[in-house]
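Protein chains: 2
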Amino acid sequence: MKQIKIGLLGMGNIGTGAYKTLEMNKARIAANTGLDLTITRILEKDLARERDVTVVPEQFTQEADDILAAPDIDIVIELLGGLEPATSFMLTAMQNGKHVVTANKAAVAASYDKLLNTARANRVMFRFEASVGGGIPILNALTTALSANEYEEIRGILNGTTNYILTQMAENGLSYDRALKAAQEQGFAEADPTADVEGHDVANKLSILISLAFGKRVPPENIPTVGITGLTMRDIEKAAADGGKLKLIALARRKGDDIEYSVAPTFVANDHPLAGVRNEFNAIFVRGNAVGELMFYGKGAGPLPTGSAVMGDVTEIARAIAR
Amino acid sequence: MKQIKIGLLGMGNIGTGAYKTLEMNKARIAANTGLDLTITRILEKDLARERDVTVVPEQFTQEADDILAAPDIDIVIELLGGLEPATSFMLTAMQNGKHVVTANKAAVAASYDKLLNTARANRVMFRFEASVGGGIPILNALTTALSANEYEEIRGILNGTTNYILTQMAENGLSYDRALKAAQEQGFAEADPTADVEGHDVANKLSILISLAFGKRVPPENIPTVGITGLTMRDIEKAAADGGKLKLIALARRKGDDIEYSVAPTFVANDHPLAGVRNEFNAIFVRGNAVGELMFYGKGAGPLPTGSAVMGDVTEIARAIAR
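Keeping their order, the protein sequence lines are chains A and B.
Take 1 as the starting number for the first sequence in my numbering and just add one per residue.
Take 1001 as the starting number for the second sequence in my numbering and just add one per residue.
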């Protein structure tokens, strides 16, 4: 059986989820593809962390080049997060002829053209399904099965933290502060929730969606972005009285020859499919000129859902290598 | 620009939808793929029908071999429906080295192994996204982006006719007979609705899903199948009183080392994502061991949604040819 060797950059929460996804489903992937996918090296400092996976100390390295420049590694998975050194590592891996998979929305949104051009110039594949919607396979759908459509509108709930907070405010009458605290206790919000609650995380994801669906590059800082920190219980109650819900919506739609886009708390009527998306779930609503209305719903974050998307990308690349 | 030549078998409602989808989006597909996709020949007797597309009489033929044996045709789209001659035409096209795309759930479910083995033996691609869920790209998701999961459960509303009838009974208090008549008037049900209301259409689709998701071949006639003709208003009201809805559910799930499967009217609690799927819409709920719960929602039938899926398959094949 042909072996595909994988280097993993980063084994925190998400890296461990990707490793575990492969560990759980390696045999199934091998049966489906005829390929033996193996993570051979891992860039990670923290060897002591409890991970609940079978990893041997010899797999770990603290030298990025042990992966980025290793002649035997086919695919590099970047799960360090943050802009640097993640972006430089991805570019170096591509320049060394390695295919790259990432979940890093901030890095992809910030350096979209550079990353895609570098991949193209080095004739390697670059995939980032996990960067938008976590486990929901939206990027794959937009770029393959739906690609015979002209997209008219994309409307997404793309951040589980804020959707959890808004759901708790609407359904259980929690104040914003108490709902945020509940999200933090459940592990849905970080200690510093700024990137989530101010909408920056969603703007990164919308920037990526606009590039793929509309072929237009809009850096996230150019997307008008309003978070949920200004919302009060009165706003939530008014939406309910009007027959709907407030959701943090990422919107991109065609308007004549142009695209309009925004991230903002938005009224969603109760009969719209997005209104039923509760708590930490994400969903992306798409309207195409042939397919009409579609919605994709699922877990937008978490180690295993993200691991599913990362290893889906890895499997697709492995299949293409084998061809 | 490289031209990919396509032969179309059948230009009724669905064939016209596929033709129109390509006509609307040909320029966009060319910009995305660098390929000129052109339907050059059409097997169809009815030349007089109003189709609202630009088709010239010279494209039509009444001889299947003008397409199946034409040396210049790369891809054959089968949209005749029914088992024969559709199945024989697909097999002949494959034996002649042509890639095949179909929306024909009955033919795929009846001859799954034969069609896939013939495609493999002749080294051609065979795709049938439109056969399950119409425009919803569920087969592509299960076989690519989600393929690093072990699937635990698939639960689908896979027939728009029956879902429309059940929605009208539950929401507007229509009797079964009046709801069926309304479905026929809206164009959601055929004059003879047997295949839909008795669940046979759904059993075909579930058979295909089981093959792809669980790697197990279960002919549709072996799937325990109950339709909706026996349902009364009392059943609908009881479900509502119990906090849910009756839906015609196609179910397949892992049980130990085995798979259990059925098609039957099933109680769905109101907080399940499938409960909100109304009228002619379809949805497929998937649980994978890494990704957790996902749902795909959209139009399960109709000329343009089906055209979207068919032309998505054609575009993917064209990209692979070009590589």
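Hint data in this document are derived by calculation from the structure and do not stem from the laboratory.
Hints are supplied without guarantee of correctness; some may be wrong.
Facing chain B, from chain A, some residues (calculated, C-beta under 7 Å) [to be verified]:
no., residue
1, R28
2, S88
3, L91
4, E150
5, G298
6, S308
7, T315
From the three backbone atoms N, C-alpha and C, an ideal C-beta is built for every residue, glycine too.
Structure versus earlier hints, numbers of those that do not hold, lowest first: 2, 3
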